[in-house]
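K.L.:
Those protein sequence lines, which keep their order, are chains W and A.
Using my numbering, you'd call the opening residue of the first sequence number 1 and step up by one each time.
Using my numbering, you'd call the opening residue of the second sequence number 140 and step up by one each time.
FYI, nobody ran anything at the bench for these hints, they're computed from the structure.
Note that the structure is predicted; figures quoted are calculated from it, not measured.
Backbone N, C-alpha and C define an ideal beta-carbon position, used for all residues, glycine too.
Please note that the accuracy of each hint is not assured.
Said to hold, decoys possible - Derived coverage of chain A by chain W (criterion: at least 3 residues anywhere in the stretch with Cβ under 8 Å from a Cβ of chain W; other residues may be distant): (1) 142-149; (2) 164-174; (3) 195-208.
Said to hold, decoys possible - With a cut-off of at most 25 Å between alpha-carbon atoms, the simulated SDA-like pairs for lysine to any residue come out as follows: (4) A/Lys221 to A/Ala154; (5) A/Lys272 to W/Asn97; (6) A/Lys216 to A/Leu307; (7) A/Lys272 to W/Ile104; (8) A/Lys260 to A/Thr245; (9) A/Lys272 to W/Phe31; (10) A/Lys272 to W/Lys12; (11) A/Lys272 to W/Gly91; (12) A/Lys272 to W/Val113; (13) A/Lys272 to W/Leu89; (14) A/Lys272 to W/Ile56; (15) A/Lys216 to W/Phe49; (16) A/Lys216 to W/Gly55; (17) A/Lys216 to A/Ala168; (18) A/Lys272 to W/Phe49; (19) W/Lys12 to A/Ser204; (20) A/Lys272 to W/Phe93; (21) A/Lys272 to W/Asn92; (22) W/Lys12 to A/Gly202; (23) A/Lys272 to W/Phe133; (24) A/Lys216 to A/Ile175; (25) A/Lys272 to W/Gly32; (26) A/Lys272 to W/Ala100; (27) A/Lys216 to W/Ile56; (28) A/Lys260 to A/Thr237; (29) A/Lys216 to W/Phe133; (30) W/Lys12 to A/Leu207; (31) W/Lys12 to A/Leu209; (32) A/Lys272 to W/Asp95; (33) A/Lys272 to W/Gly55.
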Amino acid sequence: MKHNLILRVIAKLLIPIIVLYALYVQFHGDFGPGGGFQAGVIFSVAFIFYALVYGIETAERVMPESVLRILASLGVLIYAGTGVATMLLGGNFLDYNVLASNPIAGQHIGILVIELGVGITVSSVMLLIFFIFAGRARQ
Amino acid sequence: MIDNLLNITLLAFLAITAFAIIRIRNLFAVIMLFGIYSLLSAGLFVVLDAADVAFTEAAVGAGISTVLMLATLALTKNHEEKPPAHRPWLPMIVVLVTGAALVYGTVDIPSFSDSEAPAHKHVAPRYIEEGFKETGVPNLVTAVLASYRGFDTLGEVTVIFTAGIGVLLLLGRRRGRKRGDEDNNET
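Extracted from the complex, chain A is given alone in its bound form (with noise of 0.2 Å):
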């Protein structure tokens, strides 16, 4: 009863959220909109009892997300341009056709916490009852990610690294001193 009430409650914001940064221009606003935002969601997956995802949520989408927007606002104008006054139809129809065809999918997918539903009849079981015997770590979700998928946890962090070294290789300050480098090698 209260999960249902506290839902509801969460999806009308996430939405009242959502159309608040559709319609606002103001980008300082937005991002801070973006930052509720995934402050909401963080609360959704908190009533989903997944309190690992809703920590990395409230972490990563609420506070670095906001912090790096914010440094990109920086560099840009706070404003967002006028749209241009093309006709909202054909969007439209596209985004209502996507979303029927993401609600009809909703009909086959098993119920919230359906002990039948194929996700738990995998691996799963095997985790529930072997993880804290083979491992001896209580919270299982740390035993799946960093032990049973050890190798996907590697690749997520190499995808991490990646990133770093992207934004390095692109936006670095070294830029500036080669080319003070090029610069003495002409003279």
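In isolation and in its complexed conformation, chain W is listed as follows (with noise of 0.2 Å):
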């Protein structure tokens, strides 16, 4: 697909707006549709559409296959350190109450961590899966 001019420029333009998307249904989840699952997807789909238009190995070169296992792993590991760290402050697992001064901001922070930590997890496991599945289409 060197040669597709026209494709090429249209993802330039479009991936930034999807990452940018992804972003926004990320950390805007508490106050409308969205959160770490749907941003985690929609992020992917931004690096899935770069790979399809410039190839596989571009890709991989922007976020290489190690990377994005260390990233899965970090997802679940922050989600579940949050529940470490409530238990720490002396609340329940998952007790975001107790991470900051007052319940609401405790809970505030305690819901942005771990949808991030689903953001960081889905994204990643989805990128990990596409690139085995086409890397072994090319083999």
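Make one complex out of these two single chains by using the hints.
P.N.:
In structure tokens form, the structure reads like this:
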């Protein structure tokens, strides 16, 4: 797909918007529809789009598989770590009330952090699966 | 009124798409139809005011699954083998009986948005009344998903993580290198 000029230009134009939208869905999930799951999928879609247009090798140079593996585990770690942190602060597992001085602020921090964990894991696992499938097709 | 019209249109298109998926033998077209099916379901969820679910369905069902199935199709043939010429009557009867049982089951289901429904009597009133006060999050779905049911969501994330590990172990590219290493050890 090296000579598809229109596709490449449009992809360059669209990918930043897709990533921006994913971040909006991620951090606006408290107020509107969305959250970590949807944002993670949209985020990975931007990279898959990039891989489809520019080739998988180029996409893997941007986001190597080893990094994706670490990120996939990091998301779960952030989520479970929040639970452990609340326990260390004297609350129950995943009881965000103790994260800040007042319960509402604690809930806000807790929800934001775990949604971030969800988003990181979902996006990296989706990309990982895509790269593995597409990589086999290439062999 | 407009909701009913939309529901009937979307459900009719769902049925048409499902029939097309069964009839068509070209797998590429079937994958595209799967995507359309997911998109129609997402539309139905929007009509039901379930924006979060619709969002997920559109992103995962119509987006990612389609791409993953296309990537899988690249590994296999583009065309389904002709089905074996068996009689369709036994599967037909099984499907009809199951369908009739399901339709019979819907008779007991409370009607849509019935405030007396058991699902709305248990913990839902507490979430709706206290949710904003306790979490300060305007989107109730996020409040339930991330805070009240945080433990469930941790399980869901673990499931996705496990799926990724499974695919990595089964199809990961490390295998080639390992075979090379073994060859080196043998020689």
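K.L.:
Provide an ascending list of the numbers of those earlier hints which the structure does not satisfy.
P.N.:
Result: hints 1, 2, 10, 14, 18, 23, 28 and 33 break, sorted rising.
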